[in-house]
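Asks: Sequence:
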Amino acid sequence: AVEGAALVVASSAVPEYDEELQAARELGIPVWRRPQLLEALTEVLPTIGA
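Okay, so the sequence shown: first residue is 45 according to the numbering used here, each after it adds one.
By construction, these hints were calculated from the structure, which means they are not laboratory data. All values reported here derive from a predicted model rather than from experimental measurement. Heads up, a few of these hints could be off.
To be verified - Each pair of labels, with its calculated beta carbon distance range: (1) 82 to 62: 19 to 29 Å; (2) 59 to 83: 16 to 26 Å; (3) 63 to 90: 33 to 43 Å.
C-beta: ideal position from N, C-alpha, C; glycine also.
Using the sequences and the accompanying hints, generate a full structural model.
Replies: Here it is, written out as structure tokens:
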């Protein structure tokens, strides 16, 4: 189900040995965890926080 994806983002609840994460890595698709995605988004988009 990851074929053709440019990026796979997984929650920390998804274990490293998950079939789809392994398939993505074998296909050379980057696998990010949610904190990586949030970091990338906050680098290019304005954020509001206290």
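Asks: For a quick check of understanding: which of the numbered hints are violated here, in increasing order?
Replies: Violated hints: none; all satisfied.
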